[in-house]
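*Asks:* Chain residues, written in single-letter form:
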Amino acid sequence: MAGRRSYASWLKFAVLTVFLVLFIAPFVFLLLNSFKENNAITSNPMALPAGLDFANYKVAIDKMGYLTAFWNTLAITTASVLLISLFAAMTAHYFVRNPTRGNQYTFLIMVASMIIPFQAIMIPLVKIYGSLGMLNNKGSLIYMYLGFGSSLAVFIYHGFVKSIPAELEEAAMIDGCTRTQTFFRIVFPVLTPTTATIAILNVLWIWNDFLLPSLILVNPEQRTLPLSTYNFYGTYTVDYGPLMAGLVLTILPIIVVYLFGQKYIIQGVMQGSIK
Amino acid sequence: MIAEKGAWNRLRTRLLFTGPTLLAFLTVMIVPFAYGIYLTFTNWDGIATTHTLVGWRNYGEVFRDRVFWKSFGLTLKYVLFSVVLINGIAFLLAYALTRGLRGQSVFRAGFFVPNLVGGIVLGFIWQFIFSKVLVYVGTKADIPILGASWLADPDKAFWSLVIVTVWQYAGYMMVIFIAGLMNVPGDILEAASIDGARGWTTLRKMILPLMVPSFIVTIFLSLQRCFMVYDVNLSLTKGGPFKSTEFVSMHVYEKAFLSRDYGVGQAEAFVLFLLVAAITLLQVYFSKKLEVEA
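Each protein sequence line maps, in turn, to chains A and B. Heads up: the first sequence at position 246 corresponds to 246 in my numbering, and the numbers run straight through without jumps. Heads up: the second sequence at position 47 corresponds to 47 in my numbering, and the numbers run straight through without jumps.
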């Protein structure tokens, strides 16, 4: 019995391993070919590279404006995520502690709005912000991320704020804290695990987003990583080596973060889905 | 309820706590959404500063736009296969990876990896896999089905989009299923096994009914994401070959921003929103009826 069981679990382990290898294989081929010359890639895309040749990477960093795109993406993602977390937590807190009819309806409208896909909004969005002269500006993009991201964030925070006992805040206010101080000293620290969840979900979305920035940011100097990858691919289709290197460079930052924080990232996705 | 003294203080707190969020939400979501509905009744071309009201004409155009409906039908087929495969594979993975297998956290982390990367990049990676790596394997090992690039054939290009989508989202939905499976109470499974329920019966009669809430979430998310797919569509096939894999999101984009037919484009976007909202809400409504209490 014990032998049969371990045999079955060994089989399951083997099947899962094969499946995982197939799952990861595209990334492995990408990495291998990023070190090869175009001829070597086309003659045998499965062969190992002759050596660690970073020539393709030099071309890619140069031609796709990698560093600029990296800093743009980092700035936009960081600013948007900070603003979404802070403002959504404040709003959710206010809604929970002041459950007037108006606030409850506003909350319901925010929840319901999550069903509206971006494609239903993009055309008027471009028209409105275009006529205000607010396109091609990182600040506008960050503001839009706050608008698009706040519904889900308020929704998730709302569920967790409800579990904080109001007595905790009343005690702080009796001791002389203002409402704002209470929020920043008591409530926001207690919400840290939720903030981590929201930050993770939003980083995964904003870092990789393509359609919205492609409509807002037109100048090459403003481009984010997904945009510069797309443009690089469009203008540089003949030579596979630099293209592969460019893709590796685009993936690299988030993979590095994942290697250190994968436990938290997976937990964040779990928490975000339960609510 | 916590309240400050005086109307001015109350207003200040309200503005501070809800002002930024509500202003952004209102001006980025609600106003464009409402203005978009208005735009569907105009003939705006994207450049002119003026436009005139044309009544229901744009909606008439939408129903006559054969390409739109063809592309909607194609998207529907794509959504159907993708959603079923994503959820099936994700559930099997989650089920296999919540039973104390050796190294299961490594497996979980590995299957999640495609979700770290945006659709544009994933599409480009697979474009290389389909057009170079698989063709190489096909010619060397003499496998006729891989002999030519899948992306050059309309039918196979469709399936390559399904494959990439399933690969992209299976790991994400797996994580949601794992969260659900970990909440299935151990004592009722123990009770079932004492009563003689074996693996398959336990799965079908106990676990699946208790997992309905997770399925509601994963099906909702996969439906919405697949219907609105744009990135992977753009970078993997660009709608080709010969516009044969142009999904509805890409069609709306082209109608508005490339053909400069904003009124009709927005009307199509709005019709699409209504259809997708109806489908996802019906799914949630009917799945809720399957929910059971543990």
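By construction, these hints were calculated from the structure, which means they are not laboratory data. Fair warning: this is a prediction, and the values are worked out from it, not measured in the lab. Beta carbons are placed, not taken as given, at the ideal position from N, Cα and C, and that holds for glycine. Please note that the accuracy of each hint is not assured.
Computed list of chain A residues with no C-beta within reach of chain B, every gap over 12 Å [what the hints assert, rightly or not]: (1) 45; (2) 58; (3) 136; (4) 138; (5) 163; (6) 219; (7) 220; (8) 273.
In silico BS3-like links for lysine-lysine, alpha-carbon gap of 25 Å or less [claimed, not checked]: (9) A/63 <-> B/132; (10) A/63 <-> B/238; (11) B/205 <-> A/58; (12) B/77 <-> B/243; (13) A/12 <-> B/205.
What follows is a list of derived Cβ distance ranges for each label pair [stated by the list, open to error]: (14) B/148 <-> A/189: 38 to 48 Å; (15) B/145 <-> A/130: 41 to 51 Å; (16) B/80 <-> A/252: 31 to 41 Å.
*Asks:* Each hint should be assessed against the structure and marked as holding or not.
*Replies:* Verification of the supplied hints:
no., hint, result
1, 45, "violated, 4 Å"
2, 58, "holds, 20 Å"
3, 136, "holds, 16 Å"
4, 138, "holds, 15 Å"
5, 163, "holds, 17 Å"
6, 219, "holds, 18 Å"
7, 220, "holds, 17 Å"
8, 273, "violated, 4 Å"
9, A/63 <-> B/132, "holds, 23 Å"
10, A/63 <-> B/238, "holds, 23 Å"
11, B/205 <-> A/58, "violated, 58 Å"
12, B/77 <-> B/243, "holds, 16 Å"
13, A/12 <-> B/205, "holds, 23 Å"
14, B/148 <-> A/189: 38 to 48 Å, "violated, 60 Å"
15, B/145 <-> A/130: 41 to 51 Å, "holds, 47 Å"
16, B/80 <-> A/252: 31 to 41 Å, "holds, 35 Å"
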